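Based on the sequences and whatever the hints tell you, model everything.
Here's the letter readout for the chains.
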Amino acid sequence: MYYASIIVDYLKTYMKTRMTYRADFWIEVVSDLAYQVMNLFFVLVVFQHTNLLAGWTREEIIFIYGYFMIPYGIFSCFFDLWDFADRYVIKGEMDRVLTRPVHNLVQLVLENADPPALFGSLTGFLIMVYAGWQLGLEPRWYDWLVLLVLVIGSAMIYGGIYIALTSVAFYSDSKTGIVPMMYNIQNYGRYPVDIYNKTIRFLLTWVIPFAFVGVYPAAYFLDKEITRIFALLTPLVGAIVLMLGVLIWNIGVKRYRGAGS
Amino acid sequence: MGGIGKTMLAVDVRNLRKEFKVQKSREGLLGAFKDLFRREYQRIVAVDNITLQIPQGEICGYIGENGAGKSTTIKMLSGILVPTSGEIRVGGYIPYKEREKFVRNIGVVFGQRSQLWWDIAVIESFRLLRKIYRVPEPDFRKRMDELVERLRLQELLHRPVRKLSLGQRMRCELAAALLHNPSIVFLDEPTIGLDVMVKAEIRQFLQDINRQYGTTIMLTTHDLQDIEALCSRVVILDEGKIIYDGSLERLKQEWGKGKEILFRFSAPCPVAVLKETTAGIDVHWQAEHDWEAKATLAPTETDVSGLIAAVASRAQIADIQVLETNTDEIVREIYQSGAEAAVAMEETVEATVRV
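Note that the protein sequences, when read in sequence, are chains A and B.
Just so we're aligned: 92 in the numbering used here is position 40 of the first sequence, and the numbers increase by one with no gaps anywhere.
Just so we're aligned: 95 in the numbering used here is position 9 of the second sequence, and the numbers increase by one with no gaps anywhere.
Please keep in mind that the hints were generated in silico from the structure rather than gathered at the bench.
This one's a predicted model, so the numbers in the text were calculated from it and none came from an experiment.
One thing to keep in mind: the hints can contain errors.
As the list claims (entries may be wrong) - Some but not every residue of chain B turned toward chain A, in silico, with C-beta under 7 Å:
no., residue
1, K161
2, S164
3, I166
4, E186
5, V189
6, R190
7, Q201
8, D205
9, I206
10, L214
11, I218
As the list claims (entries may be wrong) - As a list, the in silico DSSO-like pairs of lysine-lysine whose alpha-carbon atoms are at most 27 Å apart:
no., chain 1, residue 1, chain 2, residue 2
12, B, K249, A, K64
13, A, K68, B, K249
14, B, K217, B, K228
15, B, K107, A, K143
16, A, K143, B, K110
17, B, K361, B, K345
18, A, K306, B, K183
19, A, K306, B, K187
20, B, K107, B, K183
21, A, K64, B, K217
22, A, K276, A, K250
23, B, K228, A, K68
24, B, K120, B, K107
25, A, K143, B, K187
26, A, K143, A, K68
27, B, K187, B, K228
28, A, K64, B, K187
29, B, K183, A, K143
30, B, K249, A, K143
31, B, K338, B, K361
32, B, K110, A, K306
33, B, K120, B, K110
34, B, K228, A, K64
35, B, K217, A, K68
36, B, K107, A, K306
Note that beta-carbon positions come from the ideal geometry of N, C-alpha and C, so glycine has one too.
Pasting the structure below:
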């Protein structure tokens, strides 16, 4: 309850901050929307040129891509702490965060939340609906609930992996190249895993489970029997990855050294 | 307020130690290349086994040169850093272990860093902090009224923080740190960079808060006037060790050279006469010529009026000037002789323990 009201208040503060720079705010809203529309057309156009890929049709691939955009939008909104090492560890802003009675990670997530990124999720959803309609899918009533659960699971995987990566800043002074590398790896999750070789498939399933943010859960709706069981594993994998991420984070915070004098 | 009533100690620290591992960079390109494979680390002791007890309601000044370990101590006390070893209890909690519960009871101001949200009006920051610290609305309003009046915030409340001057911002920072009426407040250089007026205001405010609510205050500063105005107790840190812990008065007595009194005479008065007339007082005379003489009282000697009376009975005084070694000088001297002082301090501590 307490945390729920804190979240609301932080988001209100965010809105106020944004709106103090009025012109900026509207420019950002418009440019975000424009970006998403472009994204939509880009996906549709690019996939016009692919037909069958390891047994997946073009519409199925578009569908997976659409699904992937939903948790990705949630991730960009909440867990994208890209300047954490610089701002909070090297410049010492973490001091302030640690002297407040809300879990430090929650504060960080809220301080850096970027709600417009959720437009991306909306775009993804529209792409999914479009591709589903093209495929002639007939969603049962509970499929919407399943979608919600799977999306939450996928977002937790994203969150867990990035929280763990961000906490590297506590262990090493220097900026690392791990985060950009992960940005590349996550892209592999949005295409059917069976187009990759075994090693990569194993890696994406069990080590850095990015396959669970795209292809596995999306395949649930496509009635692909092979991956159905994997799809239903998504929330479980999500919970485990998030827990691990937070655990690594909490250990990292103990090593925080503060900045300067 | 968990556990405070029982202990009565706001801060209870024993053998507290903090070490940092710092990478040693080797020189030159070859050195950098070697560093790639095998790094050498250096252990730096920032806080070296300090023991410190602060009872509730005390204002304690924490001073030392840059890099002496003041901020590191404050950061351990406020739960930001985890100590390397030693025991630490603040307000009944172990700060780094029960952080979220613990910090509800403390207030923190870092002079160099803002606690407020940069882009929104000050009052909005306060409202968000109210939520974070779970202060009930009526309490918040009452507290706000009081803080606004005492720190003269009325004009500032609706301005964004980034448009405030340093002095204005500092007043807001203090209000933000005290919104939830914490029982212990840590201030890390609260008066840094402020003008004389604002400094005086802030000192007055801290004193009022301390008197009215019995708030324990621990502050680090480089401005010894802060200490003179506020602190009943001074702790001096040097290279991570406590080299002095006691009242400001005692510090002056032990380290000061005593009062110096400069006499100027309207008729010549030889120093021999002065020595003779003040024979009963522990005083040292110095004179360049017969028109002027300087009396240095021993630190333990307090009979200034006796001295003046004795001199006045034999000489015609044109002017008197009383000079006291100021705290700045004392502290500078202590810093300079830091290591020896630490030894001396340990001896006195042992002596007191034995007594």
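Now the hints, each set against the structure:
Among the interface hints, the one on B/K161 holds; its C-beta lies about 5 Å from the nearest C-beta in chain A, closer than the 7 Å criterion. Interface hint status for B/S164: upheld, as the beta-carbon distance to the closest one in chain A is roughly 6 Å, under 7 Å. Because the beta carbon of B/I166 sits about 5 Å from the nearest beta carbon in chain A, less than 7 Å, this interface hint is met. Evaluation of the B/E186 hint against chain A yields a held restraint, the C-beta minimum of about 5 Å falling below 7 Å.
Annotation: B/V189 was flagged as interfacial toward chain A, and the flag holds, the nearest CB pair being 5 Å apart, inside 7 Å. Interface restraint check for B/R190: the shortest CB-CB distance to chain A comes to about 4 Å, inside 7 Å, so the restraint holds. About 6 Å separates the beta-carbon of B/Q201 from the nearest beta-carbon of chain A, less than 7 Å, and the hint is met. The criterion of a C-beta within 7 Å of any C-beta in chain A is met by B/D205, whose closest approach is roughly 4 Å, and the hint holds.
A distance limit of 7 Å between C-beta atoms decides the matter here; for B/I206 the minimum to chain A is near 5 Å, and the interface restraint holds. Interface hint at B/L214: satisfied, since its Cβ lies 6 Å from the closest Cβ of chain A, which is below the 7 Å cut-off. Given the 7 Å rule on beta carbons, the hint for B/I218 holds: about 6 Å separates it from the nearest Cβ of chain A. At most 27 Å may separate the alpha-carbon atoms for a hinted pair to count; B/K249 and A/K64 meet this at roughly 21 Å.
A hinted pair counts as satisfied when its Cα atoms are at most 27 Å apart, and A/K68 with B/K249 qualifies at roughly 16 Å. As the CA atoms of B/K217 and B/K228 are separated by approximately 15 Å, the hinted pair is consistent with the 27 Å bound. In summary, the hint linking B/K107 to A/K143 is supported, as the alpha carbons are separated by about 18 Å, within the 27 Å threshold. Our distance criterion of 27 Å between C-alpha atoms is met by A/K143 and B/K110, whose separation comes to about 21 Å.
Of the pairs offered as hints, the one joining B/K361 and B/K345 holds, with about 17 Å between alpha carbons and a cut-off of 27 Å not exceeded. Distance hint between A/K306 and B/K183 is fulfilled; the C-alpha atoms sit about 10 Å from each other, no more than 27 Å. Only pairs whose Cα atoms come within 27 Å are accepted, and A/K306 paired with B/K187 is accepted, the gap being roughly 17 Å. Note on B/K107 and B/K183: the hinted pairing holds, with a Cα-Cα distance of about 22 Å set against a maximum of 27 Å.
Using a Cα cut-off of 27 Å, the hinted pair A/K64 and B/K217 holds, with the two alpha carbons roughly 12 Å apart. Pair hint A/K276 plus A/K250 holds up; C-alpha atoms about 19 Å apart against a cutoff of 27 Å. For the hint linking B/K228 to A/K68, the alpha-carbon distance of about 25 Å falls within 27 Å, and the restraint holds. Note on B/K120 and B/K107: the hinted pairing holds, with a Cα-Cα distance of about 19 Å set against a maximum of 27 Å.
A threshold of 27 Å between alpha carbons decides the hint, and for A/K143 with B/K187 the separation of about 26 Å falls inside it, so the pair holds. Restraint check for A/K143 and A/K68: the C-alpha separation of about 25 Å stays at or below 27 Å, so the hint holds. Taking the CA atoms of B/K187 and B/K228, the gap is about 24 Å. The hint holds against a cut of 27 Å. Annotation: proposed proximity of A/K64 to B/K187 holds, straight-line Cα distance about 25 Å (limit 27 Å).
A hinted pair counts as satisfied when its Cα atoms are at most 27 Å apart, and B/K183 with A/K143 qualifies at roughly 24 Å. Pair hint B/K249 plus A/K143 holds up; C-alpha atoms about 22 Å apart against a cutoff of 27 Å. A C-alpha spacing of about 26 Å is found between B/K338 and B/K361, which places the hinted pair at or below 27 Å, so the restraint holds. Only pairs whose Cα atoms come within 27 Å are accepted, and B/K110 paired with A/K306 is accepted, the gap being roughly 23 Å.
Note on B/K120 and B/K110: the hinted pairing holds, with a Cα-Cα distance of about 11 Å set against a maximum of 27 Å. Taken as a hint, the B/K228 and A/K64 pair is honoured in the structure, with Cα atoms around 24 Å apart against an allowance of 27 Å. Proposed proximity of B/K217 and A/K68 is supported: the alpha carbons are some 16 Å apart, at most 27 Å. Restraint check: the Cα-Cα separation between B/K107 and A/K306 comes to about 14 Å, which is no more than 27 Å; the hinted pair holds.
Of the hints listed earlier, there is not a single one the structure fails to meet.
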